[in-house]
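Q: Input sequences plus hints: build the corresponding full structure.
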Amino acid sequence: MARAPDVIVDGSPLDAPTINVALRVGWLLRTCRLNSRLEHSVSGHSFAASLGVGPAMVTKWEKGSDSIDAGAIAGYERLVEAPAGTLRGLVETTRRYFRQPVGGRLAETPVTEELDDVSELVRPAMTGHPSGLDWMHLADALAADGPLRVPDFVAAPVMDRLADELCRSVGGAFLTRYEALVRLRTGPYGLTVLRTLLDRALARDTQAAVALLNVAAHQPTAELFVDMTRLLLDSREVVFYGAAQALVTMAVLGGIPKDRMRDTVPRLADAYNALADDPGRHHHISGMLRNLPPGVLETARPDLQRPLSPVTEHYRHSREAGSVAPIAHEVAEAVKAELPSPVDLMLERLLHEAMFDPRWPKAHIATMFLSVVPYADLIASRMVEVAHTHESPDVRAAAMLLVMRLDRPGFHHQVEPWVDGPDEQMRRAALVTLGRTSDELDPTMLEKLVVEDWSTARLALYAAGMGRSPLLAEWAQDPAKTEQVRSGARWWLRHGGRITD
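When we follow our numbering, the leftmost residue of the sequence shown carries the number 127, and every step to the right adds one.
Everything labelled a hint here was simulated from the structure, so no lab data went into it.
Glycine included, each C-beta is placed from N, C-alpha and C at the ideal position.
Keep in mind that a hint or two might mislead.
In silico BS3-like pairs for lysine-lysine, Cα to Cα no more than 30 Å straight-line [unchecked claim]: (1) K186 to K462; (2) K574 to K607; (3) K189 to K462.
Label-pair ranges, simulated between beta-carbon atoms [claimed, not checked]: (4) R275 to E609: 37 to 47 Å; (5) V437 to A329: 18 to 28 Å; (6) H621 to G381: 26 to 36 Å; (7) Q431 to T253: 30 to 40 Å; (8) R287 to A175: 37 to 47 Å; (9) R275 to V577: 44 to 54 Å; (10) E609 to P452: 41 to 51 Å; (11) G178 to E439: 48 to 58 Å; (12) P283 to G448: 47 to 57 Å; (13) F279 to S467: 49 to 59 Å; (14) P419 to D546: 40 to 50 Å; (15) S169 to R442: 41 to 51 Å; (16) D546 to P314: 48 to 58 Å.
A: In structure tokens:
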């Protein structure tokens, strides 16, 4: 049966390393407009009128056939009541990861060469409470080509505050700050930003390093690739995970000669073999190796002392069949039944990639798309159900992780029982979710968890820190707690809690 002409489908193969960025951005805009009010759709004509453009222009944007500027994207953000800059940040991140800069960057703030104008942008970052959009505007100005350059002694504290806020941001606040910091990392202040990121990520008491190291990777160099390879053997979990993601990001973005990557193979193999008996890290480093260029993995394979952790059965079956996993189709159908307007086949494709695709950039971008659509709560609700009831452990685990990554603030009550359950992966996902979404943390629960092994205690600290728990002040001084817990509590007290705007 022929599809309706307004159905948007990404025709890129399911197993391909890339996606059709223009079509996905168009789909995102369209689904935000049609489902911005869960009881009815907003027509293209009325939305076009609100922006002062013709309906034909909206149609072009939503089919991915015409580039859209930041001002128009802001109109979609207002429609779905998303934090300003959220959709813009996601669009820019997607374009950059898949190297499809359709229409160039979404510059909104005119580039200025007047020092007074730049000072106005810097002031809220240093003295006020900047929003994510404030940070993006500042990054636009500072990263622009031109004769004006703020001295490093002025720029460095600004970068430092932005890096600090990124570590504690969730949802749209994370997307905007991440994109602003990447903009600065790839501009004239790149080395200043790199020093800031590494100083923070590798500090002795660091509690947050993953996003910082990943931003550092957005200006790939052979030297940085080697440095990140060394960090795979860092004893701190957050540094290991950050280094692994940074290596994948550099490989995806490109620019490092293949022979220089292959020079790191002995060190990659040493790290892999050293982590073979740690189930969590072994699974993660296996995924990292699969995400590196094929030549790197094939060169390393003879030196690997045990096989890579396998991809999920659901991904293997889907790859062979050329279709999404059945659970992705089932959840998409259940969500669609509750919406005023159809969401096409793209939703099941995004669900499949977010849950099962072993390519981290594809899974990450799909998750971000799902987190910003107006019906993200419906998706999260279905995923909670799947996490509890599905017969497959792989599917339950994928659903748990997706609930955690969607950052939906209304779901902390649904995941809190996971903390007391027998499933270790469920407990870890629950603690991260609580940290990202809840200000109502059970102090008895936290007290019990913070004295367990460091892997669990670190996540209890994360939940307490993000939620600004008063227990932090007690833990920081409690001689009965380990030095790791006391130090972690002091870190959170210095830096503050969750940022949401």
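Q: Decide, hint by hint, whether the structure agrees.
A: Against the structure, the hints:
1. K186 to K462: holds, 24 Å
2. K574 to K607: holds, 12 Å
3. K189 to K462: holds, 20 Å
4. R275 to E609: 37 to 47 Å: holds, 43 Å
5. V437 to A329: 18 to 28 Å: Because 35 Å falls outside the window, the suggested range is violated.
6. H621 to G381: 26 to 36 Å: holds, 32 Å
7. Q431 to T253: 30 to 40 Å: With Cβ atoms ~55 Å apart, the hint is violated.
8. R287 to A175: 37 to 47 Å: Cβ of R287 to Cβ of A175: about 40 Å, so the range 37 to 47 Å holds.
9. R275 to V577: 44 to 54 Å: About 50 Å separates the Cβ atoms of R275 and V577, which means 44 to 54 Å holds.
10. E609 to P452: 41 to 51 Å: holds, 49 Å
11. G178 to E439: 48 to 58 Å: Holds: the Cβ-Cβ distance is about 52 Å, inside 48 to 58 Å.
12. P283 to G448: 47 to 57 Å: With a Cβ separation near 52 Å, P283 and G448 satisfy 47 to 57 Å, so the hint holds.
13. F279 to S467: 49 to 59 Å: holds, 53 Å
14. P419 to D546: 40 to 50 Å: holds, 43 Å
15. S169 to R442: 41 to 51 Å: 43 Å Cβ-Cβ, so the 41 to 51 Å window holds.
16. D546 to P314: 48 to 58 Å: holds, 51 Å
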